[in-house]
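Trainee: Start from chain A and add chains B, C and D according to the hints.
Residue numbers (this note's numbering), protein chains in the order written: chain A, 1 to 305; chain B, 1 to 305; chain C, 1 to 305; chain D, 1 to 305.
Fair warning: there could be bad hints in the mix.
Unchecked claim - Covered stretches of chain D, going by a simulated chain C footprint (3 or more residues, C-beta under 8 Å):
hint	stretch
1	53 to 60
2	75 to 87
3	198 to 211
Claimed, not checked - Derived list of chain D stretches under chain B, where covered just means 3 residues or more per stretch with a C-beta under 8 Å from a C-beta of chain B:
hint	stretch
4	229 to 235
5	249 to 263
In case anyone wonders, no lab produced these hints; they're calculated from the structure.
Backbone N, C-alpha and C define an ideal beta-carbon position, used for all residues, glycine too.
There are 4 protein chains.
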Amino acid sequence: MKLTDEQEAEIESQRTTTHSTRRVISPGIEDILFSAIPVLDHGFIRVTDYMGCDESIVQAARVSYGTGTKKTRNDEGLIRFLMRHRHTTPFEMCEIKLHVKLPLFVARQWIRHRTASVNEYSARYSKLDNEFYIPAPEHLSAQSTGNRQGRGEVLAGSEAEEVLRILRDDCARNYAHYEHMLNAGETRQGLARELARMNLPANVYTQWYWKIDLHNLLHFILLRNDPHAQYEIRCYAGAIEDVVRAWCPIAWQAYKDYMSNASTLSARDIDLIKRRLRGEDVTLESSGLTRREWTELLDIIDLTQ
Amino acid sequence: MKLTDEQEAEIESQRTTTHSTRRVISPGIEDILFSAIPVLDHGFIRVTDYMGCDESIVQAARVSYGTGTKKTRNDEGLIRFLMRHRHTTPFEMCEIKLHVKLPLFVARQWIRHRTASVNEYSARYSKLDNEFYIPAPEHLSAQSTGNRQGRGEVLAGSEAEEVLRILRDDCARNYAHYEHMLNAGETRQGLARELARMNLPANVYTQWYWKIDLHNLLHFILLRNDPHAQYEIRCYAGAIEDVVRAWCPIAWQAYKDYMSNASTLSARDIDLIKRRLRGEDVTLESSGLTRREWTELLDIIDLTQ
Amino acid sequence: MKLTDEQEAEIESQRTTTHSTRRVISPGIEDILFSAIPVLDHGFIRVTDYMGCDESIVQAARVSYGTGTKKTRNDEGLIRFLMRHRHTTPFEMCEIKLHVKLPLFVARQWIRHRTASVNEYSARYSKLDNEFYIPAPEHLSAQSTGNRQGRGEVLAGSEAEEVLRILRDDCARNYAHYEHMLNAGETRQGLARELARMNLPANVYTQWYWKIDLHNLLHFILLRNDPHAQYEIRCYAGAIEDVVRAWCPIAWQAYKDYMSNASTLSARDIDLIKRRLRGEDVTLESSGLTRREWTELLDIIDLTQ
Amino acid sequence: MKLTDEQEAEIESQRTTTHSTRRVISPGIEDILFSAIPVLDHGFIRVTDYMGCDESIVQAARVSYGTGTKKTRNDEGLIRFLMRHRHTTPFEMCEIKLHVKLPLFVARQWIRHRTASVNEYSARYSKLDNEFYIPAPEHLSAQSTGNRQGRGEVLAGSEAEEVLRILRDDCARNYAHYEHMLNAGETRQGLARELARMNLPANVYTQWYWKIDLHNLLHFILLRNDPHAQYEIRCYAGAIEDVVRAWCPIAWQAYKDYMSNASTLSARDIDLIKRRLRGEDVTLESSGLTRREWTELLDIIDLTQ
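Bound-form chain A, shown alone (with noise of 0.2 Å):
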């Protein structure tokens, strides 16, 4: 990722202004406000705004269990419970807002999440720049033969360069005839902007403000940085858990150990380990799964030891 002299410039001065405030802070989010960490080959992620931190979500629970409840738990221990059994609502009291700078396929993906509000970058009001995503040959993958929608080996040498090839030339060209289309001149009136970006591939950056609260981002986070996510959202995801860490850390801890790295079992799974332990053979002939459901589960918990 590289930045213009202007960004840099505007970003430094963003930086170095600061005000007096009443509300609540996040030390850790104010480290990093408003500079680009990058994500892929141009991309990157800014915070530029937020509302709230962990005592946010403290203080929006202790509402609803009024008095008395303080002396009872404290604030991480209650974060903690909220976490684990799912009482969202004090979670959607942080807020955050992302300047993001990802390819057009990303942006697909992304935008799915329809709990956020968006201002993205307009190709029919501006042109767009001459920038697209080109995978590093370590992420240029095969189709993967198991799984439908994943990837699998790493293409090997004369195929990945020949796709690389193909994706910058192709890119290049069609950027080439873009600009082309769109000009003006004696004898040419020049394309329209909406209908020029038609000639883009999708892997060309756009770049969007995009604000949620932390509820529908860490459900976000959760799909998104995953393994059955595509490489390319995931470092996006990955990118922006860090914030989350730097922004709410009780949360996000609690958000780790309760749902990023819980399991869920269905009661056929929860019979099966407890037959395990009374020390019973479990087999998938016996066990009443499919053969996917006996796989996964002996993923969590190898059964058959």
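Mentor: Just chains B, C and D, lined up with the frame of chain A:
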């Protein structure tokens, strides 16, 4: 509204604590942050957190419009343009959190606004206070005869006195019974709070934290600070509108000009105005409007003069 | 629950009118369409419209997966896979509309589910009926001593009798006063409905139309047909769960197996199970869990045996 | 738009299968159910399910108004009143599900409407078809000179020909490369679909199921079947508006009269009209309006004549 000494001390402590932040601030709202603004006899609203200001709306709009826009229109002009043309998404970039104390029947109207976050005092978890809304005599109105859902004239002396006595007596009695049912003792187990509370009338006060973005907040104010809304919720919406004026003065002025004080006219209405401008007489009979539409149009522009 | 003759005639008329449609139907829900299913003493739910069935979930999922998927997994397997892996969007493709009569304090819990459409009987516009929820003696419970928001043992004889008498008397008196305040007469103007209704306690019945998609409905049932929910709303959630079973039997079974009867275990919980399976003794002290987490884990799988 | 034989057979099969239902039906929409309505060169919309009709709006409104309302206003009058006064919730009681085939850049504008359910064809899971949107020559317009986000005049001959050639060639080449990169072989592993698709330009066709309620659908049509919307999405919004007219003809007519063909005038606009009606001359200079507001007002009512 009377706050307890403990509440006043907490507010004072919140108001005198200041932090340094890199975020944008709104001076107008910093001034009133945490202070309780009285509404009705025992209610209040308090701003407990916020994010963004007029500048945030501009910033979000400019990312859509890209570079080059900066020079062609100043901030105020841009905000007014966005409001006039219902480009609502940039207004979602500002967020506010209120602590509200309000009668239960007002809470029931309020909660219909779904795009918001709420944490309410739980009457399952804690005992409700002995506070009920009793209308001031000048707001004790008869059923409107013209409008099935509105109020008419203020009740006259003896009827008003009787109504106030009934309201006060029933609250007092039902609350005394509420406390009595809750009480455990030697020969009593004490009824569960979640059951006992069903004996309390709908003018009992509750409280909640309520968080919402500016776009949805303006929609709330539009519907609730309106002559068709019940007087009691209008008091809250009016107090909140004052907060918005302090928070985002440019957006608030645009809202007044292009939404709150604007009128929507049908094509047929517009056509009648054009005919009148051309010197034709227009009448209900020749208008093609229903009687009600005709009256509503004349309330906006009297075409019969 | 007693319906008026007029209501029964209307339901009978709705049930005997049939149309020919090209849409998919759900035979199970056609059977119960429009019928009032009693809940509590005066409440009910009635399905008044629906869209889609199990097949609609499959159809929506298949557009995502494209061609070729059809052969590799049957419909039931696909629905169960979607539920197990929380691929929730295909479940949004089914929609249902209910007519519900319910006590006001239940309505207040219900309305917290925001992703739904509601039209409620307006007490500003019309007079409320003289119907109040009075718990059956076997549901008249004391405050739980262990759980601040739950119920404990059923109240014993004389205390229960007194509570029922209080609830009945206060309803009757407050309703009589409500009617009295409303009444206009020679020397009375009659209080506005929107004001008079504030005298009615929270066990008064209201009614609404409520429309929601299947994904959000299952979330509602998960939270409300749960031991932590208040008994009264559980009765409604249980009745609705029976409707879902009739409507989308495959989705319902998947919900039972993978959501309702499933357990979420933290990484630490899983580790303790693994240690127990290897023959180690595990104790609260050595577990790293809080006492509450430990108790919750043992409720799922007793590791101390 | 050309459907495959298989698709046509499936549609025919869906159309000829009928069921008996107790639900209300909309005859107008039953007629077109499942049929593919062509949009652009390869796109279509198809109604695949629906719930409710004009009558459902009335029914939902009447539960709010309670008994007695029935006599005072007929169904059409009630629907028109609700629309005129923006009582939007009863319109949420109708729901529709569409199958849509559309260019990716249109999908990106469409998805900004958040209150809807979507299942899209997954290019991670399946290969995309070789279908791209190529504008007809009469829609190949130059950038507007007056409006930064709009189109101006149609491109003249040779420039248009060149643009079409570029668009066609780049699609063909990039798709050929897409297929080539996907292909596995003796010496090739084949690039993962989720990566290869990034080479496809934004005029490639995708498809999805889209489900939305009538209130939000009318808002979609208002914004997208509008001169400020891009021509391509207007084609879809126009086709959907025709569907609404067939589905809920009374609601549609009310929408045309009170929303689509209505104008919103600021208090200052109204004041200028009043001054003109009184015979005063009004000019931009004396109006207090900005030049842009003045032009917009004169487009609605010419006050200078």
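Trainee: Does each hint fit the structure? Answer for all of them.
Mentor: Evaluated hints:
Counting residues of the stretch 53 to 60 of chain D whose CB lies closer than 8 Å to any CB of chain C gives 3, which reaches the minimum of 3, so the coverage claim holds. For the stretch 75 to 87 of chain D, the proposed coverage by chain C is not satisfied: 0 residues have a C-beta within less than 8 Å of a C-beta in that chain, short of the threshold of three. For a cut-off of 8 Å, the count of residues in the stretch 198 to 211 of chain D with a CB near a CB of chain C stands at 4, and the three-residue condition holds. Only residues whose C-beta sits within less than 8 Å of a C-beta in chain B count toward coverage, and the stretch 229 to 235 of chain D has 0 of them, not enough to reach three; the restraint is violated.
Look at the stretch 249 to 263 of chain D against chain B: 5 of its residues bring a Cβ nearer than 8 Å to a Cβ of that chain, three or more, so the hint holds.
Checked against the numbered hints listed earlier, the structure breaks hints 2 and 4; every other hint is satisfied.
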